[in-house]
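Chemist: When you get a sec, could you build the whole thing from the sequences and use the hints?
Protein sequence lines, in the order shown, are assigned to chains A and B.
The first sequence runs contiguously to residue 205 in my numbering.
The second sequence runs contiguously to residue 205 in my numbering.
Note that these hints are calculated values from the structure, not bench results.
One should not assume that every hint holds.
Which copy? The list can't say, so a pair holds if one copy fits it or any two copies do.
Claimed, not checked - Derived DSS-like pairs (lysine-lysine); straight-line CA-CA distance at most 30 Å:
no., residue 1, residue 2
1, K201, K43
2, K122, K73
3, K88, K43
4, K88, K59
5, K201, K88
In this text the structure is predicted, and so the values were computed from the model without any measurement.
There are 2 protein chains.
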Amino acid sequence: MHHLRILTGLTKVWRITILPKLPEILELRTVAQSRLFTIESMKLRFSNGVERLYERLPKRGREAVIVVAINQKNELILIREYLAGFHKYELNLPKGTVDPGESYEEAANRELKEEAGFGAKKLDYLREITLAPGHMGFSLHVILARELFPESLPGDEPEPMEVEQYPFEEADDLVSSVFISESRSIAAIKIAEVFLSRESKNSRV
Amino acid sequence: MHHLRILTGLTKVWRITILPKLPEILELRTVAQSRLFTIESMKLRFSNGVERLYERLPKRGREAVIVVAINQKNELILIREYLAGFHKYELNLPKGTVDPGESYEEAANRELKEEAGFGAKKLDYLREITLAPGHMGFSLHVILARELFPESLPGDEPEPMEVEQYPFEEADDLVSSVFISESRSIAAIKIAEVFLSRESKNSRV
Numbered sequence: 001m002h003h004l005r006i007l008t009g010l011t012k013v014w015r016i017t018i019l020p021k022l023p024e025i026l027e028l029r030t031v032a033q034s035r036l037f038t039i040e041s042m043k044l045r046f047s048n049g050v051e052r053l054y055e056r057l058p059k060r061g062r063e064a065v066i067v068v069a070i071n072q073k074n075e076l077i078l079i080r081e082y083l084a085g086f087h088k089y090e091l092n093l094p095k096g097t098v099d100p101g102e103s104y105e106e107a108a109n110r111e112l113k114e115e116a117g118f119g120a121k122k123l124d125y126l127r128e129i130t131l132a133p134g135h136m137g138f139s140l141h142v143i144l145a146r147e148l149f150p151e152s153l154p155g156d157e158p159e160p161m162e163v164e165q166y167p168f169e170e171a172d173d174l175v176s177s178v179f180i181s182e183s184r185s186i187a188a189i190k191i192a193e194v195f196l197s198r199e200s201k202n203s204r205v
Numbered sequence: 001m002h003h004l005r006i007l008t009g010l011t012k013v014w015r016i017t018i019l020p021k022l023p024e025i026l027e028l029r030t031v032a033q034s035r036l037f038t039i040e041s042m043k044l045r046f047s048n049g050v051e052r053l054y055e056r057l058p059k060r061g062r063e064a065v066i067v068v069a070i071n072q073k074n075e076l077i078l079i080r081e082y083l084a085g086f087h088k089y090e091l092n093l094p095k096g097t098v099d100p101g102e103s104y105e106e107a108a109n110r111e112l113k114e115e116a117g118f119g120a121k122k123l124d125y126l127r128e129i130t131l132a133p134g135h136m137g138f139s140l141h142v143i144l145a146r147e148l149f150p151e152s153l154p155g156d157e158p159e160p161m162e163v164e165q166y167p168f169e170e171a172d173d174l175v176s177s178v179f180i181s182e183s184r185s186i187a188a189i190k191i192a193e194v195f196l197s198r199e200s201k202n203s204r205v
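Modeler: Here's what the structure looks like:
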């Protein structure tokens, strides 16, 4: 019964994935560029003939990871960081870019050491998530880090980050609270919850 | 026992929210501007004296909403839209900007009619979520829409969107699948799940 339901929902969705025809890119050019960002203008013709001018921020630079780190007391590791977009501090998950030659898991482990002072003996790749794919080419790889041990590495942060250990089973309170707002962190927590609940179901079979 | 645990987790987090001192903004200027985006350069001095040059995309224009719409069969309303950031189609939640004079709930209802062909008799404001607050001033208001009825409004989309109705109780499969990738949609689904589970618990008391 459970398997049948999974089949129904995702199979229905899968069926329609073969239908749409991508719009034609009539023109693509860089309209602005800064140290970190590029803005592209995109002239598109959709398959129904309608033409539209889009703008997007294409991906630039390295891949990035976001880390759902859970310690042996089943606590989620949160950092408190300065958020320039809103000029405020908020709780967040550790994240950062992948260095040349690093795997996603290695990058996650290094960022966790730099930002939160923990290493992980167990790292699982969960999935890739996007930010605002309608307008931006940015994405992050979600890594689950477990079996933590204290280990710090110097990072490139302007100031040491406060680290908070929050009961993972109370994640519902956290994602409904004003202490955290970032979609990517809330999405990564949800994805980790699904992974952990399936892992625990499988281990009981 | 349950209430005690809620108190413990969030109270611990609350305690530290009074500590950090915001960095001083030494300089803030627009370095690039396009039709849709502005890029600002920000020279900051953190409370430990370290100075850093940041870049951010400040908020521009109107507030925006994202709609978790659930029909009477407990199905989630998904749209299939073109995503310029990755030049591909993907499933997503309806979203859009708030028109002058509209409430968030009214904007959500209108976007739902324009993008998915449904109106809602019951609309709940859930919370505000941010995108990538470390670098961007963008946010969205999450609205839960229920008691749906068929009603279409002409929108500003370049092509009609395919609408998919997906079993909400199978959301775990969806957020783990390749059919949807956007953090904001996955986060909004999680936030709606928490709201609905609490509503259902409260109604049983």
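Chemist: Are the CA atoms of K201 and K88 at most 30 Å apart within a copy, between copies, both, or neither?
Modeler: neither (40 Å within a copy, 34 Å between copies)
Chemist: Go through the copies and call it for K201 and K43: within, between, both or neither, with a Cα cutoff of 30 Å.
Modeler: This pair counts as neither: shortest intra-copy Cα distance 48 Å, inter-copy 50 Å.
Chemist: Could you figure out if K122 and K73 sit no more than 30 Å apart (CA to CA) within one copy, between two copies, both or neither?
Modeler: Cα proximity of K122 and K73: one copy only (15 Å, versus 40 Å across).
Chemist: As a check of your reading, is K88 near K43 (CA-CA no more than 30 Å) within one copy, between copies, both or neither?
Modeler: Between copies only: 15 Å across chains, 37 Å inside a chain, cut-off 30 Å.
Chemist: First find the shortest C-alpha distance between K88 and K59 inside one copy, then the shortest across copies, and answer within, between, both or neither for a cut-off of 30 Å.
Modeler: both (26 Å within a copy, 14 Å between copies)
Hints 1, 5 from the list above are not met by this structure, while the remaining hints are.
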